[in-house]
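Engineer: Modelling step: build the complete structure from the supplied sequences, incorporating the hints.
These protein sequence lines map, in sequence, to chains A and B. Per my numbering, residue 1 is the first one in the first sequence, and the count goes up by one each step. Per my numbering, residue 1001 is the first one in the second sequence, and the count goes up by one each step.
Think of the hints as simulated: they come from the structure by calculation, not from any bench. In this text the structure is predicted, and so the values were computed from the model without any measurement. Cβ atoms here follow ideal geometry from the backbone N, Cα and C, with glycine treated the same way. Don't take every hint at face value.
[Said to hold, decoys possible] Listed next, with one range per pair, are the computed distances between beta-carbon atoms:
1) A:Glu61 to B:Lys1041: 16 to 26 Å
2) B:Ser1005 to A:Gly85: 22 to 32 Å
3) B:Arg1063 to A:Thr60: 39 to 49 Å
4) A:Gln83 to B:Arg1109: 24 to 34 Å
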Amino acid sequence: AQTVTQSQPEMSVQEAETVTLSCTYDTSESDYYLFWYKQPPSRQMILVIRQEAYKQQNATENRFSVNFQKAAKSFSLKISDSQLGDAAMYFCAYRAGSPSGGGADGLTFGKGTHLIIQP
Amino acid sequence: DTAVSQTPKYLVTQMGNDKSIKCEQNLGHDTMYWYKQDSKKFLKIMFSYNNKELIINETVPNRFSPKSPDKAHLNLHINSLELGDSAVYFCASSQPGTGDIQYFGAGTRLSVL
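Structural biologist: Laid out in structure tokens, this is it:
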């Protein structure tokens, strides 16, 4: 079974600084997707960024970027120029799949990292 | 328009009661899911449906029964509610072949007294 581990229950960063959230996973699959979701106090689950395992290039979305190390099974999230609105729980998630998609596999989530932004 | 909507947002009920949570998506997706988030914020898949057909049924008590009247709706019925069922339940949907991104509803907080 796949597992996702987030070793940092809580992180704190000064506004405008950069913070990195770590995530490791365990799988025997060669094709899969990795995700970071954000859950603010409103409890809405919001997709931050997605990475396909077959792509070597790290995904980026504005201030959010990942460091995907497939051999090490590591998928960290870097948030640059942190803003107060970034304060939330961040969940790393895994889904097995093929590059063409398909199937109805659920996401396997890590336990989350609570990110605090200090003004 | 909300893409994935769940009703109700909050549900408070007594042990032993039967309750339902409704979910609707207007994204035209073929696949829908139910997740449970416990008091420690841990999220776990419960069920997934693809085009009204049950695909995943994780180790969930059979008091929980999903029902999909059409591919835009996936409702969750819970019989004989127990204290341990208190949690936030999320509905999600995705479309295979389009990046497999799952879009979540706002969640339903169920409190069993």
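Engineer: All hints are to be evaluated individually against the structure, with a verdict given for each.
Structural biologist: So, going through the hints one by one against the coordinates:
no., hint, result
1, A:Glu61 to B:Lys1041: 16 to 26 Å, "23 Å, holds"
2, B:Ser1005 to A:Gly85: 22 to 32 Å, "24 Å, holds"
3, B:Arg1063 to A:Thr60: 39 to 49 Å, "44 Å, holds"
4, A:Gln83 to B:Arg1109: 24 to 34 Å, "27 Å, holds"
Of the numbered hints given earlier, the model fails none.
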